[in-house]
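So the protein lines, in turn, are chains A and B.
Going letter by letter, the first sequence gives residues 1 to 417 in the numbering used here.
Going letter by letter, the second sequence gives residues 1 to 338 in the numbering used here.
FYI, nobody ran anything at the bench for these hints, they're computed from the structure.
No experiment lies behind these values; they were computed from the predicted model shown.
Misleading hints may appear alongside valid ones.
With a straight-line cut-off of 35 Å between C-alpha atoms, the simulated DSBU-like cross-links for lysine-lysine are [what the hints assert, rightly or not]: (1) 266/B to 413/A; (2) 104/A to 46/B; (3) 266/B to 16/A.
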Amino acid sequence: MTDKQPVDTAIQYQSKLFVPQASSRPETAPDFSHIEIPSPIASHRPDVLSEAIDIQDLAYGLVRVLGDDNLVAGPWAPDLSPDKLLQGLKHMMHVRAFDNRMFKMQRQGKLSFYMKCTGEEAVAVAQGMALKPSDMLFPSYRQQGLLFVRDHSIVDMMCQCLSNAKDNIKGRQMPIFYSSKKHNFFSLSGNLATQYSQAVGWGMASAYKGEDNVAVSWVGDGTTAAADVYHALVFGSTYKAPVILNVVNNQWAISTPQSFASTGSTFAARSIGLSIPGIRVDGNDFLAVYAVTQWAAERARKGGGPTFIELYTYRTEGHSTSDNPDAYRGKNEASFWPLGDPIERLKEHLIAIEQWSEEQHQALQSELTDEITKDWKEALSHGSLDNGPHWPVTSMFEDVFKEMPPHLVKQSKQIGV
Amino acid sequence: MAKMNMIQALNSAMDIAMDRDPNVLVMGEDVGYFGGVFRCTDGLYKKYGSHRALDMPIAEGGIMGVAIGMGVNGLRPIVEIQFSDYIYPAIDQIVSELARLRHRSGGEYFAPVVIRAPCGGGIRGGQTHSQSPEGIFTHACGLKTVMPSNPYEAKGLLIAAIEDDDPVIFFEPKRIYNGPFDGDHNKAASPWSAHPLGDVPQEHYKIEIGKANVLEPGSAVTVITYGNMVHVAQAAIKNSGIDAELIDLRTLIPLDIDTIKASVQKTGRCVVVHEATLTSGFGAEILSQVQEECFWHLKAPIERVTGWDTPYPHAFEWEYFPSQERITQAMLRTLESN
Numbered sequence: 001m002t003d004k005q006p007v008d009t010a011i012q013y014q015s016k017l018f019v020p021q022a023s024s025r026p027e028t029a030p031d032f033s034h035i036e037i038p039s040p041i042a043s044h045r046p047d048v049l050s051e052a053i054d055i056q057d058l059a060y061g062l063v064r065v066l067g068d069d070n071l072v073a074g075p076w077a078p079d080l081s082p083d084k085l086l087q088g089l090k091h092m093m094h095v096r097a098f099d100n101r102m103f104k105m106q107r108q109g110k111l112s113f114y115m116k117c118t119g120e121e122a123v124a125v126a127q128g129m130a131l132k133p134s135d136m137l138f139p140s141y142r143q144q145g146l147l148f149v150r151d152h153s154i155v156d157m158m159c160q161c162l163s164n165a166k167d168n169i170k171g172r173q174m175p176i177f178y179s180s181k182k183h184n185f186f187s188l189s190g191n192l193a194t195q196y197s198q199a200v201g202w203g204m205a206s207a208y209k210g211e212d213n214v215a216v217s218w219v220g221d222g223t224t225a226a227a228d229v230y231h232a233l234v235f236g237s238t239y240k241a242p243v244i245l246n247v248v249n250n251q252w253a254i255s256t257p258q259s260f261a262s263t264g265s266t267f268a269a270r271s272i273g274l275s276i277p278g279i280r281v282d283g284n285d286f287l288a289v290y291a292v293t294q295w296a297a298e299r300a301r302k303g304g305g306p307t308f309i310e311l312y313t314y315r316t317e318g319h320s321t322s323d324n325p326d327a328y329r330g331k332n333e334a335s336f337w338p339l340g341d342p343i344e345r346l347k348e349h350l351i352a353i354e355q356w357s358e359e360q361h362q363a364l365q366s367e368l369t370d371e372i373t374k375d376w377k378e379a380l381s382h383g384s385l386d387n388g389p390h391w392p393v394t395s396m397f398e399d400v401f402k403e404m405p406p407h408l409v410k411q412s413k414q415i416g417v
Numbered sequence: 001m002a003k004m005n006m007i008q009a010l011n012s013a014m015d016i017a018m019d020r021d022p023n024v025l026v027m028g029e030d031v032g033y034f035g036g037v038f039r040c041t042d043g044l045y046k047k048y049g050s051h052r053a054l055d056m057p058i059a060e061g062g063i064m065g066v067a068i069g070m071g072v073n074g075l076r077p078i079v080e081i082q083f084s085d086y087i088y089p090a091i092d093q094i095v096s097e098l099a100r101l102r103h104r105s106g107g108e109y110f111a112p113v114v115i116r117a118p119c120g121g122g123i124r125g126g127q128t129h130s131q132s133p134e135g136i137f138t139h140a141c142g143l144k145t146v147m148p149s150n151p152y153e154a155k156g157l158l159i160a161a162i163e164d165d166d167p168v169i170f171f172e173p174k175r176i177y178n179g180p181f182d183g184d185h186n187k188a189a190s191p192w193s194a195h196p197l198g199d200v201p202q203e204h205y206k207i208e209i210g211k212a213n214v215l216e217p218g219s220a221v222t223v224i225t226y227g228n229m230v231h232v233a234q235a236a237i238k239n240s241g242i243d244a245e246l247i248d249l250r251t252l253i254p255l256d257i258d259t260i261k262a263s264v265q266k267t268g269r270c271v272v273v274h275e276a277t278l279t280s281g282f283g284a285e286i287l288s289q290v291q292e293e294c295f296w297h298l299k300a301p302i303e304r305v306t307g308w309d310t311p312y313p314h315a316f317e318w319e320y321f322p323s324q325e326r327i328t329q330a331m332l333r334t335l336e337s338n
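Make a model of the complete structure from these sequences and hints.
Dropping the structure here:
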């Protein structure tokens with residue numbers, strides 16, 4: 001049976017191929033010492049209609065507002081009332097409580113899958129708050145915070161995760177692949193980056209119709225390698241489409257470190273050659289994320305075209321419930337991340353300006369956890385993944401087309417036969 | 001011989017090929033350090049280094065393009081597409097380039113690339129982690145198309161694919177990575193170690209691409225299938241007691257029409273089963289060829305049991321996944337017909 005085909009075993013290669021390295025692997029200690037963290041006052045906030053080439057330093061810098069003293073400083077400090085900040089804090093804590101519960105429910109077999117956004121809650125929450133409700137969101141899979149900002153029902157999000165009878169997308173997709181037209185939140189795809197150029201098209205239509213709504217999209221650091229990202233930048237710049245194109249650089253794409261996509265530069269720098277301003281921002285600094293997003297939205301509404309924002313952050317947990325990060329990165333790498341945790345940082349700021357206390361924080365945390373527990377019970381009352389109730393089985397054949405064509409009518413009658 | 005599941009058998013095939021030929025390398029998303037999300041390339045990074053178990057940026061079109069370039073320059077890349085559902089950004093490189101390179105260059109150039117892609121459902125993966133897109137690739141001229149149904153054949157076919165000078169797209173039904181699955185999800189999972197085809201030689205061997213396997217001899221009806229559905233059909237035959245002949249195609253292109261012909265001319269009845277959607281699925285091609293080759297022997301219309309013509313659902317996995325019951329009913333209909 002063994003094939004005796006001769007193989008030229010004399011060939012020996014001395015590979016000179018360059019292969020990037022990771023920030024850490026289980027056998028090496030995490031080391032983020034190369035990351036330069038400038039002070040909030042080191043940056044500058046240019047006019048929103050600046051040319052990309054004139055502000056390219058922002059693509060290589062790091063916009064920050066919250067300093068190491070937990071106080072606000074520098075030109076990017078946004079005009080946000082303590083109430084607004086507290087609202088942001090509450091949303092981020094709510095997202096985290098939701099994520100923790102859903103993750104546990106997946107582990108208990110109630111959900112088929114889940115993805116947390118732990119450590120990067122400021123991205124979706126601060127950006128969502130800096131936008132208008134009529135701005136259209138084309139998210140990736142870790143921006144669930146946008147739905148919290150837009151007051152989406154938590155129970156309904158859970159029902160989507162359960163694919164039950166109250167799931168607004170009728171059991172069609174895996175957990176977290178939300179869609180909510182009411183909240184201008186585009187249907188999530190499992191295929192990466194596809195939404196990026198779609199956002200540009202949406203923005204082009206907004207401009208064509210003479211409206212001032214902006215389209216906003218997100219991809220991760222790994223996904224920047226996808227051709228659709230380039231398409232979005234080229235089309236967005238060509239037509240000066242009112243879009244904000246975000247890269248959430250959370251350092252890891254499942255097991256692949258950002259070094260396999262960043263090519264030794266920043267992600268933000270990638271847009272400059274296409275005349276789109278690139279801005280790199282401390283993604284764990286709620287105020288900085290808010291300020292940069294506000295700048296980009298104003299630029300878009302004034303006809304300045306796209307902004308490419310790199311949100312510099314860290315994926316504290318695994319990619320999803322399907323992977324164990326300890327298998328491919330240093331243990332507790334998250335604790336070495338130099339930009340801290342977005343919830344902790346905003347909390348410390350609010351305490352520093354005497355608008356918040358540790359006791360209030362603890363009380364809010366328990367309140368949110370209790371609310372999530374209550375919501376989960378209610379969601380389950382609308383059906384579980386395994387036992388239903390679900391939508392009727394024949395609903396599977398609906399929405400393939402607007403009107404069901406004869407071949408699907410025929411198949412829908414065969415099901416269960 | 002060793003007990004291997006399909007993941008281990010595929011891993012063994014790649015290990016052997018890499019050991020024998022320094023031109024062989026594995027590449028794709030998460031395949032290097034991590035060893036692949038399904039663990040198929042586990043250990044290859046450690047054994048052969050980061051240059052030969054090559055992690056790659058998330059861009060299937062880019063991965064495929066560089067694989068072709070490497071192939072043209074003498075290497076034999078084994079590309080892993082993490083889920084076959086993610087293959088579409090690479091379609092241009094696969095269909096317009098990889099499949100046609102030899103032909104368009106008058107035989108001057110070729111790229112011996114193997115594309116491995118986990119496919120199929122039954123894992124609650126919804127529409128973006130459950131597809132069976134083999135019919136798209138059988139329709140592109142120039143790609144050998146393989147889908148094994150067990151560890152023993154997976155290894156032999158993968159080694160044959162790696163050593164083949166033509167591009168091969170190799171679909172791996174992920175539901176049966178760890179054990180055969182007869183379609184009854186309420187039953188306890190059974191491992192490959194309890195199945196005779198989980199006995200896999202540790203050494204090099206090949207199974208010829210383009211040869212089907214008659215898995216169960218029978219005389220009343222021919223059931224033609226491949227991949228996941230081999231086990232569902234086998235259980236349906238066993239549980240119904242129908243004297244069916246079961247053919248596991250193993251390779252779709254080139255199609256072993258001789259084996260099909262011999263069987264259908266004998267039984268006069270035919271049921272084709274696949275998990276992919278019905279319309280324009282590979283079953284349609286099988287039906288056409290059976291009709292061309294066996295028309296005067298047929299005693300009943302040929303039946304197809306397939307996935308429905310809808311995107312793969314999350315909630316209704318088991319209503320979608322072709323069941324034993326549907327296969328049995330199809331066999332009975334052909335038997336009742338005269």
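Quick rundown of the hints versus the structure:
Restraint check: the Cα-Cα separation between residue 266/B and residue 413/A comes to about 33 Å, which is no more than 35 Å; the hinted pair holds. Straight-line distance between C-alpha atoms of residue 104/A and residue 46/B comes to about 33 Å, which keeps the hinted pair within the 35 Å bound. For the given pair, residue 266/B sits about 59 Å from residue 16/A by alpha-carbon distance, which is inconsistent with the 35 Å threshold.
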